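Undergrad: Read off the chains here:
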Amino acid sequence: MSDTTFLGMPAFPVAARDALRDSQLRGNLARATGTIRTRRAAAVGEQDDWEELREAGRALKERTLRHLDRYLLQLEEKVTAAGGQVHWARDAEEARRIVVQLVQDTGEREVVKVKSMVTQEIGLNEALAEAGIDAYETDLAELIVQLGHDQPSHILVPAIHRNRAEIREIFLRSMGEYGTPAPAGLDDDPRRLAEAARRHLREKFLRAKVAVSGVNFLVAETGTAVVVESEGNGRMCLTLPETLISVTGIEKVVPTWQDLEVYLQLLPRSSTGERMNPYTSTWTGTTAEDGPRTFHLVLVDGGRTDTLADPVGRQVLNCIRCSACLNVCPVYERVGGHTYGSVYPGPIGAVLSPQLRGTDSEADRSLPFASSLCGACYEVCPVKIDIPRVLLHLRARVVEQERERRLPKPERLAMTAARWVLTRPSWLSAAQRAGGLGSRLVARRGRLGRLPGPLSRWTDTRDAPVPAAESFSAWWRRTHPETRRPARRRQS
Amino acid sequence: MRIALFITCLNDTLFPATGRAVVTLLERLGCRVEFPQGQTCCGQMHFNTGYQRDCVPLVRRFTEVFAGYDAVVTPSGSCAGMVREQYGRVAELSGDARLSTAVQEAPPVYELSEFLVDVLGVTDVGAYFPHRVTYHPTCHSLRMLGVGDRPLALLRAVRGIDLVELGAAEQCCGFGGTFALKNADTSVAMCTDKVRHVLDTGADVLCAGDNSCLMHIGGTLSRLRTGVRVMHLAEILASTETGPDHAAAAASAGVTGPAARRAVERTKTP
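If you're matching them up, the sequences are chains P and H in order. Per this note's numbering, numbering through the first sequence is continuous, rising by one, with the last residue being 492. Per this note's numbering, numbering through the second sequence is continuous, rising by one, with the last residue being 1270.
So that you can see chain P by itself, here it is in the shape it has in the complex (with noise of 0.2 angstroms):
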């Protein structure tokens, strides 16, 4: 994956500090996000056979998944026999490499962009521009980000943390760096503003040559790339330019046209809240007297044949990029996508990163634990990924590295002697009277106030109850003296 973009970046509670100091930050997300949850549940509850459908598509996607060499062999063949030239990208800097080649190939010094992480998940732009070539992106948001030398922080709408003002302020200052500059006067009213950004892209898509698209969908038994969108900007993109190079993950892969009709019937009302996207792109190949005249289709691994090789992990593969997941996450939505270090953040990133990267950075190693369980996530994923399964499978996995590798840790330490005490009843009792001993002499009406060491990352903020007097199982034994003492177990 990417090692350009998000480079060097802190542990997630570290960042998650920073994020949730910033009010308008989380002014923005709660709003944001508070919409699209209301929406969508909209969207999906007038479906009555939608748990169907999620059934459907995880199915689908599992099949596709364990053939995966034979729909990739057969897309392949399609793709080529239609007039399209098809590419394997091992990693991200193999793919970088023959992107960077095409658009060299074509004499061109611009391309124009549009809906793809993958292109991001492998620092497509900064290989680019190292090679001299300037890159548009054209999706609203996306241009809202790269105007704002910002990251994306979200799935569907990379800009989401931005509002209306900071926007107009965006375009203001940086339109006129790179083409049509913003209009003289322009407010923050959406249709002005998404009326400065089509003037300022209308010129980008009638003069480039080259686009770089990503792809939903790939149907196999056609060899045909699938976009859904919602602005035009893609089938523009799709459409205009001479060359049309598409990236993208070799999990895309549907058999057929029938199996696409479940995810064009998802991905909608699970993304934009929407029954169907306005604009829906397919195309085979390259078509004579229409279209672009070359198309290119890079298909790029990076670490998804290994997470395929997880029996828990490789369920993330079904992910089709709603981002349901991200609007209904309670953490995302104090913290923001930023905060999760990668193209892929929220409760997807977390089960994403950690395996397409691997768990090596503190970083990546920290995603599996940014989540409270809370299965938010899961109720609506619209393939079904039992995101908080993968984030303890991924957790264990971290803590077994980290064991392996004698990394320090005082917490393995306190989890030891915890499972001793807790194998041990006797033991168990005499702790529950000391810490009930202890605390009630620290305690002030009734309450913990400060607590030593990493307790205190509680009592920082909440009080902690005082251990009682006497536990309950003392007070059991106590009222009813009948009850025998546990017999000497073996112990584990």
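Incorrect hints may have been included.
Said to hold, decoys possible - Some, not all, of what chain P presents toward chain H, calculated at C-beta under 10 angstroms:
1. F12
2. R26
3. A59
4. Y178
5. R334
6. P388
7. E402
8. E404
9. G435
To be verified - The following label-pair restraints were derived from C-beta to C-beta distances:
10. H:L1224 with P:G34: 21 to 29 angstroms
11. P:R275 with H:D1070: 46 to 54 angstroms
12. H:L1224 with P:A443: 17 to 25 angstroms
13. P:Q258 with H:E1085: 29 to 37 angstroms
14. P:A443 with H:R1196: 26 to 34 angstroms
15. P:S426 with H:D1070: 26 to 34 angstroms
16. H:E1064 with P:T38: 46 to 54 angstroms
As the list claims (entries may be wrong) - Subject to a maximum C-alpha distance of 35 angstroms in a straight line, what follows is the list of computed DSBU-like cross-link-like pairs (lysine-lysine):
17. P:K209 with P:K78
18. P:K209 with H:K1182
19. P:K78 with H:K1182
20. P:K78 with P:K384
Think of the hints as simulated: they come from the structure by calculation, not from any bench. Computed from a predicted model, the values in this text were never measured in an experiment. Just so you know, even glycine gets a beta-carbon here, dropped at the ideal spot from N, CA and C.
Let chain P serve as the given structure and place chain H on it in line with the hints.
TA: For chain H alone, coordinates are given in the frame of chain P:
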């Protein structure tokens, strides 16, 4: 029917009043509750923090301690969820086929509201609690167990109660076990919003089915000196006008479940 109480380590140590309330309540409804000795912890803290191997002896202990009972009842949605959802996975992880069998053969584990409504078939437990109360559905009881509106049905039947709806009730309070320490800032931010909604209701008491979440929200309510108390569902349901007159309360509660009826009969014969 042999009913075992699984108190959970947190309740045992910090909230024994909840356990006593469960005993009072179930005895009032005519059940005889046993408290198997040697029980400690379900292992959720270890499992959810990634120490899954440390969890194996705790799963083994649980299956040994509760073997032979017909039902296990516990005043925690989260611990009930741990046993029901994860024990099979821990057993599989241990590679011990006998443990897998023991987990499969373990008695069913019910969260308190499930036990009352589904097993005893009762929603009016004969409680009296003349206070303004709001209810927070904890995430694991709501999404892992799917208790639905059982706790609310039980609360609605409490005499004298002024039950008020909590805004954004289904949003997590931010406890999340070790999440509250590992991601303390985020946890507190989530709790702050929960507390705001609690205060908006004007309730005197915040009620839930998990003392872990209540410890978190209650700790914040206490630090802010809001004067709002937190109480476990069991403690509200155990409250009566006259104190623990078990048989009378059970009779007036219209207990319908077969186990409860049998149990009530037993208490009537001297």
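Undergrad: Of the hints given before, which are not true for this structure?
TA: 3, 4, 8, 18, 19
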